Amino acid sequence: MTAAVFTPTLQANEAVRKAEQLEQVVAPDSAANKITEPLSEQEAQAIDPAGRDPLEEPLTCLARTIYWEAKGVPGRDMESVANVVMNRLADSNFPNTLCEVVRQGSEQSPCQFSWWCDGKPDEVVEGDAYEVAKEVARQALNQELPDHTGKALYFHDRTVHPPWADVYLLTVETDTFIFYRPNATPAD
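So for the sequence shown, my numbering puts the first residue at -1; every next one is plus one.
This list has only true hints and no planted wrong ones.
Pairwise CB distance ranges, derived in the manner of DEER restraints:
hint, residue 1, residue 2, range
1, SER38, PRO72, 23 to 29 Å
2, GLY73, PRO180, 23 to 29 Å
3, SER38, GLY125, 17 to 23 Å
4, GLU35, ARG156, 36 to 42 Å
5, GLY73, VAL158, 21 to 27 Å
6, ALA163, PRO72, 20 to 26 Å
7, GLY117, TYR166, 24 to 30 Å
8, GLN102, SER38, 25 to 31 Å
9, GLU124, THR7, 22 to 28 Å
10, GLY125, SER90, 34 to 40 Å
11, THR7, HIS159, 41 to 47 Å
12, ASN181, ASP155, 18 to 24 Å
No lab work stands behind these hints: they were computed from the structure.
These figures come from a predicted structure and were not determined experimentally.
Glycine is no exception: its CB is placed at the ideal position from the N, C-alpha and C atoms.
Work the whole structure out from these sequences, hints included.
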């Protein structure tokens, strides 16, 4: 009997399949209700290894959002960005896939995530930072991250104060970001 050989492409395809299943566990209208196969570190790193693939599957969309919104900041802040994206995925007021959550607002301004509509290339330029972002994304998809944000659905960098910030309940402040949720959202 010969051992199964996983090429990088096969491994990435299997990882994408798992990521899509994990995404649906969180989506509010999904019939999926529990994680059956967590995404491994090796599988996560096989997806979009150079940070140049199209934004078409959950791990890449989440990892690029973490990368562009929070590269170079402490790990907990990166995790908090992932929390916001996952909280939106779980909220029925937002789209039902991670890529749709990330792209929301691109049809009309403003974008939900500034990196998506800033007119700059979306390809990764710092490989090490992207590997960290993919690991945070993997943990988020596997539901291994605690929510550091108090169920926040919004955040912004501390250096700005968007008008919408006055409408929502501030939940958490970090050295880098400020997080918010609608007043009617229970914190649990």
